[in-house]
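There are 2 protein chains.
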Amino acid sequence: MNQPNRRDVIPLANSPSICAWASVAGKKEGDGPMGFCFDQIEPDSHFGKDTWEQAESELQRRTVSLLLEHGHLKQEQLDALLAGDLINQCTSSSFGIRHLNVPFLGIYGACSTMAEGLLLASMLVDGGHMEYCAAVTSSHFSDAERQFRFPLSYGGQRTPNAQWTATASGAVLISHQQKPPYIRHVCVGKINDLGISDANNMGAAMAPAAADTIQRFLMETNTRPDDYDVILTGDLGVVGSKLLLELTEQNGYHLHHVHRDCGVMMFDNTTQDTHAGGSGCGCSASILCGYFLPRLASGELQNLLFIATGALLSPMLCQQGETIPGIAHLVHLSAKPNEKE
Amino acid sequence: MNQPNRRDVIPLANSPSICAWASVAGKKEGDGPMGFCFDQIEPDSHFGKDTWEQAESELQRRTVSLLLEHGHLKQEQLDALLAGDLINQCTSSSFGIRHLNVPFLGIYGACSTMAEGLLLASMLVDGGHMEYCAAVTSSHFSDAERQFRFPLSYGGQRTPNAQWTATASGAVLISHQQKPPYIRHVCVGKINDLGISDANNMGAAMAPAAADTIQRFLMETNTRPDDYDVILTGDLGVVGSKLLLELTEQNGYHLHHVHRDCGVMMFDNTTQDTHAGGSGCGCSASILCGYFLPRLASGELQNLLFIATGALLSPMLCQQGETIPGIAHLVHLSAKPNEKE
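Protein chains in written order, with the working numbering: chain U, 3 to 343; chain D, 3 to 343.
Everything labelled a hint here was simulated from the structure, so no lab data went into it. Where hints are given, some of them may not hold.
[Stated by the list, open to error] Derived SDA-like pairs: lysine to any residue, alpha-carbon spacing no greater than 25 Å straight-line:
id, chain 1, residue 1, chain 2, residue 2
1, D, K51, U, D195
2, D, K342, U, E133
3, U, K51, D, Q321
4, U, K76, D, L196
5, U, K51, D, L196
6, D, K181, U, G130
7, D, K342, U, G130
[What the hints assert, rightly or not] Okay, the calculated bits of chain D under chain U, using three or more residues with CB under 8 Å as the criterion:
id, stretch
8, 80 to 92
9, 104 to 110
10, 304 to 317
Cβ atoms here follow ideal geometry from the backbone N, Cα and C, with glycine treated the same way.
Could you put together the complete structure from these sequences and hints?
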């Protein structure tokens with residue numbers, strides 16, 4: 003594990019709220035075990051557009067529109083939108099929201115993007131620089147397959163430990179509305195690279211980063227896994243989740259009872275042939291927004307750690323024989339705000 | 003021009019300082035008119051590595067090492083490093099700094115990345131969430147050409163309005179050291195897309211975004227161009243700079259006397275055959291860090307607006323016939339801090 007930095011955990015003194023959220027998913031995701039929780043399910047995988055890239059932009063555009071609707075907010079009231087995705091040059095984001103009249107900040111964290119956007123937006127609101135700040139991300143199975151592996155028409159075989167990029171998007175709106183869910187702490191991830199070079203085994207590349215971030219957080223806050231209702235990782239899948247539990251176990255943290263993983267939750271492998279589970283920025287984003295945020299808002303859940311994980315690889319670097327750097331950002335969400343000092 | 007948002011200009015109440023900076027450039031950039039101002043010039047375009055992608059990672063790694071040296075800071079003291087670049091999945095950043103033990107936040111703003119990193123880092127320090135926050139970006143001619151246009155060995159002809167991606171990198175360290183340059187205001191850019199679809203004419207695609215951001219800033223702060231020693235745009239080049247002056251002129255702002263452009267400054271087209279000028283994230287980053295920050299620190303310059311511009315295109319989307327969205331983020335740098343209320 004990395005040596006602790008001066009500030010591994012950043013407390014948010016004013017505990018900003020996630021005052022609105024939205025999720026949109028594709029047909030396969032809608033047919034899966036989480037299908038009931040998304041705001042919209044789109045049966046057309048092209049989202050009415052001509053190309054897969056345009057489809058993902060449309061997916062992200064719709065999610066942001068829905069978010070503004072849920073937050074009763076006009077475009078002109080939004081101080082900034084943080085957005086990112088997996089597609090080269092993050093064009094699902096820039097093309098998806100180019101027609102909106104809002105300040106735009108592009109971020110890139112691969113599948114950790116939702117947590118990165120959430121933690122940056124919450125600090126910008128907590129520090130008083132912004133009143134309303136939003137974060138959005140998305141992924142689409144078909145453009146991601148073409149870009150990272152093979153075009154669908156090639157009919158490539160998938161390895162047993164491969165994950166299935168979810169066609170989904172999630173968005174959050176942060177402000178000081180003093181209602182749950184509150185954002186109490188954030189922890190910025192460090193890059194961990196333990197030498198995995200198999201681009202079909204992302205879970206293994208990301209698990210060490212997740213373990214590092216979770217352990218840094220628990221150590222510095224002097225809390226235990228059981229202090230949280232859920233420790234929710236994004237997209238480690240079956241292989242990576244097993245590794246995470248082993249790695250944290252070695253350091254005396256038993257996560258078994260409270261750990262959930264969005265990649266494991268998204269599909270039913272017995273009927274959906276998704277191998278090690280779901281992945282993609284939109285996987286953890288849509289499940290956080292569709293399933294967990296409503297339960298934190300209602301008080302059914304009291305404390306949740308959201309740790310979205312990203313594999314910071316590129317096809318080019320993998321072809322050059324490089325190993326895969328992983329990262330994991332953490333956000334502590336709660337039904338109650340931090341106590342004022 | 004876009005309708006003003008609730009807060010177009012964000013004042014930084016505590017005026018954080020850029021307490022250290024660093025710049026590294028390639029041989030062609032070192033041979034150009036700005037060659038005298040960079041901290042390091044590397045004659046080997048491979049930076050001692052095997053591939054162009056590894057070369058850019060090494061370039062960025064060196065710049066960050068130099069930054070920490072200049073700031074007398076250990077890795078363990080850095081609260082976060084914001085980094086991004088032009089290469090697919092931002093791997094120049096993630097691979098360049100993966101061996102550092104620092105919290106990492108990936109950003110993507112194409113050639114606007116330096117301003118985006120600077121404005122985010124300065125808000126995180128201003129709001130008290132971080133004590134030391136750094137931002138870095140880079141570009142390399144050879145990997146950018148291969149990715150966005152043609153591999154060098156193809157020997158493609160360049161159009162007259164094409165820009166030359168600079169091999170360069172710049173990095174800044176933000177903290178509350180109460181010494182100039184101070185960061186007084188930031189303005190987050192909005193996406194502007196006026197329908198340019200020629201990927202060889204980035205200046206034209208980015209000029210409307212620069213005009214929009216500069217005008218929003220001047221209007222909301224009720225200041226005039228002459229209130230600033232320099233209004234410094236990043237990488238509009240000769241074509242885009244001319245357009246910017248025309249667009250702002252139409253709205254009654256005369257920028258001629260104070261406008262400089264990093265893309266125009268970087269090369270000497272009469273001897274270096276660079277057509278419309280320099281471009282790439284590293285162009286404005288290295289010139290800001292190498293030339294302008296020392297002059298703000300010494301008091302030779304009192305007030306500077308830094309507006310880095312980005313073309314949020316991808317080769318894939320251009321092939322699909324899409325137009326190019328542009329963005330421009332602004333940072334107001336000064337030899338004096340904001341007055342406390």
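For each hint, the structure was consulted:
Of the supplied pair hints, the one linking K51(D) and D195(U) holds, its CA atoms being roughly 20 Å apart against a limit of 25 Å. A distance of roughly 21 Å separates the Cα atoms of K342(D) and E133(U); the hinted pair therefore holds under the 25 Å criterion. In summary, the hint linking K51(U) to Q321(D) is supported, as the alpha carbons are separated by about 16 Å, within the 25 Å threshold. Only pairs whose Cα atoms come within 25 Å are accepted, and K76(U) paired with L196(D) is accepted, the gap being roughly 23 Å.
A hinted pair counts as satisfied when its Cα atoms are at most 25 Å apart, and K51(U) with L196(D) qualifies at roughly 21 Å. Under the criterion of a C-alpha separation no larger than 25 Å, the hint pairing K181(D) with G130(U) is consistent with the structure, at around 23 Å. Restraint check for K342(D) and G130(U): satisfied, since their Cα atoms lie roughly 16 Å apart, inside the 25 Å limit. Counting residues of the stretch 80 to 92 of chain D whose C-beta lies closer than 8 Å to any C-beta of chain U gives 9; at least three are required, and the coverage claim holds.
Under a criterion of three residues with beta carbons nearer than 8 Å to beta carbons of chain U, the stated coverage of the stretch 104 to 110 of chain D is upheld, 7 such residues being counted. For a cut-off of 8 Å, the count of residues in the stretch 304 to 317 of chain D with a CB near a CB of chain U stands at 4, and the three-residue condition holds.
No hint from the list above goes unmet by this structure.
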